[in-house]
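Enquirer: For reference, the chains in residue letters:
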Amino acid sequence: MKRSYRGVILLCVVLFLNIIFTQKAIHQYYFENYTATVIYAVLNLVLFPIALFIYHKEKNV
Amino acid sequence: MDKNNKIPFDEDNYTHNINKSNERKLDRRGFMKTMVGAAGLFAVSTLPWGSIAATELMGLREKKYPKKEIIDVKKLNIGDAFEFAYPTDHDSALLVRLGENEYKAYQNACTHLRCPVFWEQSKSELVCPCHHGFFDVKTGSPTAGPPRRPLPEITIQVEAGKIVATGVKRYET
Ligand code: FES
Chain P
1 MKRSYRGVIL
11 LCVVLFLNII
21 FTQKAIHQYY
31 FENYTATVIY
41 AVLNLVLFPI
51 ALFIYHKEKN
61 V
Chain C
1 MDKNNKIPFD
11 EDNYTHNINK
21 SNERKLDRRG
31 FMKTMVGAAG
41 LFAVSTLPWG
51 SIAATELMGL
61 REKKYPKKEI
71 IDVKKLNIGD
81 AFEFAYPTDH
91 DSALLVRLGE
101 NEYKAYQNAC
111 THLRCPVFWE
121 QSKSELVCPC
131 HHGFFDVKTG
141 SPTAGPPRRP
151 LPEITIQVEA
161 GKIVATGVKR
171 YET
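Line by line, the protein sequences are chains P and C.
Last residue of the first sequence: number 61 in the numbering used here, and the count goes up by one each step with no gaps.
Last residue of the second sequence: number 173 in the numbering used here, and the count goes up by one each step with no gaps.
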């Protein structure tokens, strides 16, 4: 059966962004840029519902 | 030999006992589930950083640092270093006397992975032995090795023959 791999690719992108935001959050924390840290932490949080959404949309395609 | 201790029949492949049809493959949906789980894990793992940063933003912006006597000027020769703790007892720091009236002090947790940084007098350099990180004594910024951020500098004053720490400088970015 032919499968759509769009979901897999999108989730890979999400995970890639996760890695970047985590890295950024921690670095900015040590640089004492606390606003930036909070922004990156929130971005990371927001990615989770997005991942869930992608999963629910794509699991049966 | 009993029944369970011998090869049941002649065979040239040993996969006959694998019955679960999906045991040997990670399917698309399973992979996506794993990815969602990982996204959740990342979200949770940045939470503490975010919340510490948030509390830091609220109010504590301009930190107050205690004054702390480090050492007698007479006890520290030019070119020598002295280890102390500042601002709390758990933050180790390093004071270097560079000249008659020239002092530099840094928190000596390496900005790579927090190993203690040492003063290499013969080369006039701050050295982190863990992964060969080097820092400039004059500025605290890394000159070689894995560290990317400068060491946090501690402001120093000389009062009545004693060297006194007065605060930790903020990063200027
Ligand atoms: S901890 Fe200092 S170089 Fe890695």
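Hints were generated in silico from the structure; no laboratory data involved.
One or more hints might be untrue.
[What the hints assert, rightly or not] In the DSS-like style, the derived pairs of lysine-lysine whose C-alpha atoms are separated by at most 27 angstroms in a straight line are:
{"id": "1", "chain 1": "C", "residue 1": "169", "chain 2": "P", "residue 2": "2"}
{"id": "2", "chain 1": "C", "residue 1": "162", "chain 2": "P", "residue 2": "24"}
{"id": "3", "chain 1": "C", "residue 1": "33", "chain 2": "C", "residue 2": "138"}
{"id": "4", "chain 1": "C", "residue 1": "162", "chain 2": "P", "residue 2": "2"}
{"id": "5", "chain 1": "C", "residue 1": "162", "chain 2": "C", "residue 2": "138"}
[What the hints assert, rightly or not] Which bits of chain P does chain C cover? Going by a derived footprint, with three or more residues having C-beta under 8 angstroms, they are:
{"id": "6", "region": "2-11"}
{"id": "7", "region": "14-24"}
{"id": "8", "region": "43-53"}
None of these values were measured; they are calculated from a predicted model.
Here a beta-carbon is modelled for each residue, glycine too, at the ideal position from N, C-alpha and C.
Enquirer: Taking a Cβ-Cβ distance under 8 angstroms as contact, does the region 2-11 of chain P have three or more residues in contact with chain C?
Expert: With 5 residues in contact (Cβ-Cβ under 8 angstroms with chain C), the coverage given for the region 2-11 of chain P holds.
Enquirer: Within 27 angstroms, alpha carbon to alpha carbon, are residue 169 of chain C and residue 2 of chain P?
Expert: Roughly 60 angstroms separates the two Cα atoms, so the pair is violated.
Enquirer: Straight-line Cα separation of residue 162 of chain C and residue 2 of chain P no greater than 27 angstroms?
Expert: Violated - the C-alpha atoms of residue 2 of chain P and residue 162 of chain C are around 78 angstroms apart, more than 27 angstroms.
Enquirer: Does residue 138 of chain C sit within 27 angstroms of residue 33 of chain C, going by the straight-line distance between their CA atoms?
Expert: Violated - the C-alpha atoms of residue 138 of chain C and residue 33 of chain C are around 52 angstroms apart, more than 27 angstroms.
Enquirer: Between the region 14-24 of chain P and chain C, see if three or more residues pass the 8 angstroms beta-carbon test, and mark the coverage as holds or violated.
Expert: With 6 residues in contact (Cβ-Cβ under 8 angstroms with chain C), the coverage given for the region 14-24 of chain P holds.
Enquirer: Between the region 43-53 of chain P and chain C, see if three or more residues pass the 8 angstroms beta-carbon test, and mark the coverage as holds or violated.
Expert: It holds, with 7 qualifying residues against the three required.
Enquirer: Hey, residue 162 of chain C versus residue 24 of chain P, does the alpha-carbon distance stay inside 27 angstroms?
Expert: violated, 41 angstroms
Enquirer: Residue 162 of chain C and residue 138 of chain C were given as a pair; does the straight-line alpha-carbon distance stay at or below 27 angstroms?
Expert: holds, 21 angstroms
The structure is inconsistent with the numbered hints 1, 2, 3 and 4, although it conforms to all the rest.
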